[in-house]
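J.: Given these sequences and hints, build the entire structure.
Heads up: the sequence lines are chains A, B and C, in that order. So the first sequence is numbered by my numbering: it starts at 739 and just counts up by one. So the second sequence is numbered by my numbering: it starts at 7 and just counts up by one. So the third sequence is numbered by my numbering: it starts at 24 and just counts up by one.
Hints in this document: simulated from the structure, not taken from any laboratory. Computed from a prediction, not measured in an experiment: that's the story for all the values here. Heads up, some of the hints might be wrong.
[Unchecked claim] Quick list of the computed label-pair ranges, beta carbon to beta carbon: (1) Q181(C) <-> R1187(A): 19 to 27 Å; (2) T103(B) <-> S102(C): 32 to 40 Å; (3) A71(C) <-> V998(A): 46 to 54 Å; (4) H913(A) <-> R96(B): 42 to 50 Å; (5) S102(C) <-> L996(A): 32 to 40 Å; (6) N1231(A) <-> T103(B): 45 to 53 Å; (7) T83(B) <-> D1245(A): 47 to 55 Å; (8) V984(A) <-> A71(C): 53 to 61 Å.
The C-beta atom is built at its ideal place from N, Cα and C for all residues, glycine as well.
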Amino acid sequence: MYVYDSFDQTLLNERVAEFSEQIKRRMSGELTEEEFRPLRLMNGTYLQLHAYMLRISIPYGTLSARKLRMLAHIARHYDRGYGHFTTRQNIQFHWIKLEQLPNAVADLASVGLHGMQTSGNCVRNISTDQWAGAARDEIADPRVYAEILRQHFTLHPEFSFLPRKFKIGITGATHDRAAVKMHDIALWLRRGSDGEIGFEVGVGGGLGRTPYLAETIRPFCRREDLLGYIEAVLRVYNQYGRRDNVWKARIKILVHDLGVEKFRDEVEREFAAAKDYAPVLDDTLVAEIAERFTYPDFETLADDPPELLAALKNPDFKTWYLNCVDAHRMPGHAIVTISLKPVGLTGGDCTAEHMEAIADLAERHGYGEIRNGHEQNLCLPSVRQRDLFTLWRKLDAAGLALTNVNLITDIIACPGLDYCSLANARSIPIAMEITRRFRDLDLQRNIGRLHINISGCINACGHHHIGHIGILGVEKQGQEFYQITLGGTADENARLGTLIGPAVPFDKVPDVVEDIVAAYIELRERPDEIFVDTVKRLGIQPFKERVYAVR
Amino acid sequence: MTSPLDQKLRIEGLVVITANRLRDGAVIYRTAAGGWSTRLADAVVVSTEGEAKALLRDAAAEGTVAVGPYPAPVELTDDHAILPGNLRERIRCSGPTFDLPRVPAET
Amino acid sequence: MPFVRGGKIVADEFQRVGDEAPIPDGVPALLSAKRYLAEAGALATRNAPLGVIWPNSRTVADLAPYLDRLATIALVFPSFRDGRAYSQARLLRQRYKYRGELRATGQVLRDQFLFMLRAGFTAFEAAKDSDAEAFPEVIHRYTRYYQPSVDRRPVIAQERRKEDEEAPAPRRAAS
Chain A
739 MYVYDSFDQT
749 LLNERVAEFS
759 EQIKRRMSGE
769 LTEEEFRPLR
779 LMNGTYLQLH
789 AYMLRISIPY
799 GTLSARKLRM
809 LAHIARHYDR
819 GYGHFTTRQN
829 IQFHWIKLEQ
839 LPNAVADLAS
849 VGLHGMQTSG
859 NCVRNISTDQ
869 WAGAARDEIA
879 DPRVYAEILR
889 QHFTLHPEFS
899 FLPRKFKIGI
909 TGATHDRAAV
919 KMHDIALWLR
929 RGSDGEIGFE
939 VGVGGGLGRT
949 PYLAETIRPF
959 CRREDLLGYI
969 EAVLRVYNQY
979 GRRDNVWKAR
989 IKILVHDLGV
999 EKFRDEVERE
1009 FAAAKDYAPV
1019 LDDTLVAEIA
1029 ERFTYPDFET
1039 LADDPPELLA
1049 ALKNPDFKTW
1059 YLNCVDAHRM
1069 PGHAIVTISL
1079 KPVGLTGGDC
1089 TAEHMEAIAD
1099 LAERHGYGEI
1109 RNGHEQNLCL
1119 PSVRQRDLFT
1129 LWRKLDAAGL
1139 ALTNVNLITD
1149 IIACPGLDYC
1159 SLANARSIPI
1169 AMEITRRFRD
1179 LDLQRNIGRL
1189 HINISGCINA
1199 CGHHHIGHIG
1209 ILGVEKQGQE
1219 FYQITLGGTA
1229 DENARLGTLI
1239 GPAVPFDKVP
1249 DVVEDIVAAY
1259 IELRERPDEI
1269 FVDTVKRLGI
1279 QPFKERVYAV
1289 R
Chain B
7 MTSPLDQKLR
17 IEGLVVITAN
27 RLRDGAVIYR
37 TAAGGWSTRL
47 ADAVVVSTEG
57 EAKALLRDAA
67 AEGTVAVGPY
77 PAPVELTDDH
87 AILPGNLRER
97 IRCSGPTFDL
107 PRVPAET
Chain C
24 MPFVRGGKIV
34 ADEFQRVGDE
44 APIPDGVPAL
54 LSAKRYLAEA
64 GALATRNAPL
74 GVIWPNSRTV
84 ADLAPYLDRL
94 ATIALVFPSF
104 RDGRAYSQAR
114 LLRQRYKYRG
124 ELRATGQVLR
134 DQFLFMLRAG
144 FTAFEAAKDS
154 DAEAFPEVIH
164 RYTRYYQPSV
174 DRRPVIAQER
184 RKEDEEAPAP
194 RRAAS
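T.: Next up, the structure:
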């Protein structure tokens, strides 16, 4: 992970001082709310239904044990004892007081955490694969480039007042776990003809009212051109993106209004014209950032040590192993996922106690590192295989050894109307009831991999468009209704889901999900044909009939 | 429930003026005395656009206590208790519609 | 509206002249883009400084042929949230090599001064007296910046390079 040097820390401290001063000027009335709002947003501070919400950036989803303990401290001292891991690899605290915020941001800054660029019309947290640096299928670790981009666009003088928010996703793996295609800029690490590192660059992805998936405008951008090229994209967007209508202000709208070809031409022209003075990502700059990354000093170990093989005789451990453990690029190691999706509780929430327990376990058994992904679960990216049984026992004792990862109760949901002032409908109670209906693990395993995504409004923070089952809350005459889509996927073959019919009322949604699942069980070709493949094979018609036949 | 701040000021039925408290974001209601309370029961209830606008004008004039005041629908019970008039206001009044994560008491 | 230049509140010698009004003789004059472009030829021999107010919705490439005749260019922030003028400023400085005064007008608030300075602005029509007075303090909020820009303020990458060359430090363990 990246380790702040004195320059990073100084800039952060100066930011904290600036924000604290801005808060003071707001509390005294010297700043109006209209003037203060974009300033607090640029520091990740929202005003929601009940309180202020603080969104803290977790760059490329990587945390140290020390940072996770600080998040526990924030939860305990400034909030109501818990935090919420989000669908963009950040964490949110929902009960923050503005008057305490200067202290909270100072505490966070002491370990290099902050809310900079988590909101506002600037370049947001750059999302990556939570298995970066640990997975087997990576060309290279994307996090170095995520950090380079983060620094370059932090308080950027030209691009801090864009028409709208700007999200970049980057992956270095063949299997895209970061859903990069739904970002304004999608970056894939690629190797060029000489084996050198470069990037495929896509633009125009984004969910919300008009969802689009990113399209490639430069199949291979040389590494040294990356910053200049992205600046060219941003400059075209900053000048021509719409500012008159908030629903049409994202770059995806500009790309589609101009057409991808014309948009690309504009970018290429801008890039060429700026050649003399554009920032260059030279080897020295990459090395400077890469040097500030620390990597675990991996022990030299062999796969399948005797401790693990013996432990696999324990059926409960085996169940956990099969669900939560994945292959690591280093022999003798493994990736462990910790599900934050218990039955009947809010998915993605984590208490201060659980955060501390996980921090301890990371230090003990995980080289001190924790990750969070857009699925709202946590991960210990590097665990010695011989420690897995011991780790499992401790996770289980803490209630953190759930075995529903990627199953139907591993739901991705936005906070919805229970917290968020943008929402039209609630999402968490829907998720809770679905988890109750499907609590039986044998049933869940029989169903297999099934991603449900729930959004409480068209802003789509639950990413419902790319859910295998997508649920979108809408308001009709003061009542909550939900549109159901099927067949969305988030990976390298990303697809948007298809609406199956008229919206259904709040209390009927779990029934509808049960009907859809029942239809799938009947219609699947084999038990291991997963839900989304059945939908792809048959289309939505048989599911539509099942759901609407009786309604 | 579209954000009330985006809606035209059209009063149908009974409303109170509500906002978030600047210093901590808490939900507050305008009282007859011209102050703010966290209790809906203390709110002054009005039924015409003119009354609502007057309350809003006063609320907006001060600017260091309340953020984003707007008229929120309410209902009165037979014994004149004030109830929130829609789901969004119920949630603002009583909090999220589920139990928050259970945390051990501080020792 | 207080005018800040060189880090201080000073009197603005430029007068804004409406499209229909006669341009006073010997007085620094600020004209709209429309008027300036229409009369640029005739104004070339004028004996006092000229400036143009350039809209943020129009490409600065159209202004490029006239840069060496202009003493000031005023760019516009209709709302402080509308950041188009930042790109315009940077283009004028870095692509078109404009060396004259670049002034920020419109809703110019203290929390944007630093962004503006770094984008190449050298003068500010501040919206509030208190913001203009705070200018000297505000521009020292940050000592170094992550990215190079138009200005000469210290850039972190360069400072790192210097430090690494002088005394390469062992990397610290993860914290």
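J.: Now tell me if each hint is right for this structure.
T.: Verification of the hints:
Checking the proposed 19 to 27 Å range against Q181(C) and R1187(A) shows it is violated: the Cβ atoms sit about 49 Å from each other. The hinted range of 32 to 40 Å is satisfied by T103(B) and S102(C), whose Cβ atoms lie roughly 37 Å apart. In this structure the supplied range 46 to 54 Å holds for A71(C) paired with V998(A), their Cβ-Cβ distance being about 49 Å. Take H913(A) and R96(B): their Cβ atoms lie about 44 Å apart, and the range 42 to 50 Å holds.
Taking the beta carbon of each, S102(C) and L996(A) are about 24 Å apart, not inside 32 to 40 Å as hinted. In this structure, N1231(A) and T103(B) break the distance hint of 45 to 53 Å, their C-beta atoms being roughly 37 Å apart. Checked against the hint of 47 to 55 Å, the pair T83(B) and D1245(A) fails, with Cβ atoms roughly 25 Å apart. A hinted range of 53 to 61 Å is violated for the C-beta pair V984(A) and A71(C), which are about 44 Å apart.
The structure is inconsistent with the numbered hints 1, 5, 6, 7 and 8, although it conforms to all the rest.
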